Amino acid sequence: AQSVTQLGSHVSVSEGALVLLRCNYSSSVPPYLFWYVQYPNQGLQLLLKYTTGATLVKGINGFEAEFKKSETSFHLTKPSAHMSDAAEYFCAVSGSTYNNNDMRFGAGTRLTVKP
Amino acid sequence: GAGVSQTPSNKVTEKGKYVELRCDPISGHTALYWYRQSLGQGPEFLIYFQGTGAADDSGLPNDRFFAVRPEGSVSTLKIQRTERGDSAVYLCASSSGPNGHNSPLHFGNGTRLTVT
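So the protein sequences, as listed, match chains A and B. Residue 3 in the numbering used here is what sits at position 3 of the first sequence, and the numbering runs on without skipping anything. To convert a position in the second sequence, counted from 1, into the numbering used here, add 1000.
Because the hints were derived from the structure by calculation, they are not lab data. Keep in mind that a hint or two might mislead.
[Stated by the list, open to error] Stretches of chain A that chain B covers, calculated by requiring three or more beta carbons in the stretch to come under 8 Å of a beta carbon on chain B:
| # | segment |
| --- | --- |
| 1 | 14-27 |
| 2 | 106-113 |
[What the hints assert, rightly or not] Restraint ranges, calculated between C-beta atoms of paired labels, are given here:
| # | chain 1 | residue 1 | chain 2 | residue 2 | range |
| --- | --- | --- | --- | --- | --- |
| 3 | B | Gly1085 | A | Asn41 | 19 to 29 Å |
| 4 | A | Leu18 | B | Asn1062 | 21 to 31 Å |
| 5 | B | Thr1052 | A | Glu71 | 36 to 46 Å |
| 6 | A | Pro79 | B | Arg1084 | 42 to 52 Å |
The structure presented is a predicted model; accordingly, all values stated were derived computationally and were not measured. Cβ atoms here follow ideal geometry from the backbone N, Cα and C, with glycine treated the same way.
Extracted from the complex, chain B is given alone in its bound form:
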C-alpha cells in the first residue's frame, strides 16, 4: 500500500520567506511525527501529533516553527522568516499507535529545504 508521502521533495527559498512542508501519512495512522535531519546528523525530533492535537512540541526550535494537523490526517509544517540555518531534510513519520513499541515508525522520503 501507499507509504508516507512528503511534498515537495525539494524546496529552495530565500532567507526571510515563509514555507510550508506537507506530510500525508499512511491511511489510518493516528500518530504523526516531524523530524529534522541536518547534514551528518541523525533525525532530530520536532513535534508529535496524536490525532489532531500536538501531544508534544518540545522539539520545535523556536516560535518560527509551527505544525498543524486539522483533520487528523495530513500535516503541514510551517516555517516563518526562514534562516539559512533552517536548511535541512525534514522527515515525517507515522505509526498506528499509541500502543507502545508495537507500532513502528514509517518514514517518508523527506523534504530537502535549502534557504539561500
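Bound conformation, chain A alone:
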C-alpha cells in the first residue's frame, strides 16, 4: 500500500523567494510520484511526475521536484515565487504500472505568496 505525508498544511513566502513544499512517501513497491496543483475554483492539474529515469523532474511554471529514494522524499521547489503560484498543492504516490487506481494523495499544502 502507498501513502503520502505532506509536511506543513500552509506555507507562506514572499514574491521572488524560494518555494519548498515537502512530501514524504511510503510504498511497498517502487513508487511513481506526482505533484498536482489546484487553483481556486478549478480542478486539479498535473504539475510534474516521476516514473523512471532521471530523479530531478521539471514541470510546468518553473517547478521541479527531486526523487530521493534514501530519504523517501519528493519535495517540490521553485527558485522564485510568483503571485500566480498561490494555490493548493497535492503530492501523490502510485505503485501500479498499469493504471492509476492505487494513487493516493497527501492532505495538501496551501501556498500563499505575499507581495
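Since chain A is already given, all that's left is putting chain B on it; use the hints.
Same frame as chain A, now just chain B:
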C-alpha cells in the same frame, strides 16, 4: 477541447435523501475515477472504471454509495440515505489509460455536496 465536466457544481440536500452526481469525462477516455475530498484533506479514492465496468470499488465507504457507467462514457455517483458526514467535494477524473503513467489524470472541478 472540453475537459471533464461535473454537474451540479453545488448540491444541498437534507439528511436521508438520495442524490446523484454526474461526471462527463473527456471524449475517448476509457478510464474514469471518483474521489472524495473533505475539508483540509487530499482526494480520497472511491472507485475506478475501465470502460463500463467498475475495475476497483474498494474505496466506496459503505453500501449507500454506488456508481455506474453504463455506456462507458458518462458516470453517475449515487448516494442513498445521505448523512451529514457525506458532505464533501466529489471529484471525477478521467484518463486515456490504462497504459501506466503515460496517461495522466484529468480532473473536473468537482461537485460540492452539503447534507443538512
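So, going through the hints one by one against the coordinates:
1. For the segment 14-27 of chain A, the proposed coverage by chain B is not satisfied: 0 residues have a C-beta within less than 8 Å of a C-beta in that chain, short of the threshold of three.
2. Proximity of the segment 106-113 of chain A to chain B, defined as three or more residues with a beta carbon under 8 Å from a beta carbon of that chain, is established by the 3 residues found.
3. A C-beta distance of roughly 24 Å is found between B/Gly1085 and A/Asn41, which places it inside the suggested range of 19 to 29 Å.
4. For A/Leu18 and B/Asn1062, the Cβ-Cβ distance of about 44 Å falls outside the hinted range of 21 to 31 Å, so the restraint is violated.
5. In this structure, B/Thr1052 and A/Glu71 meet the distance hint of 36 to 46 Å, their C-beta atoms being roughly 42 Å apart.
6. At roughly 45 Å, the beta carbons of A/Pro79 and B/Arg1084 sit within the given window of 42 to 52 Å.
The structure shown violates the earlier hints numbered 1, 4.
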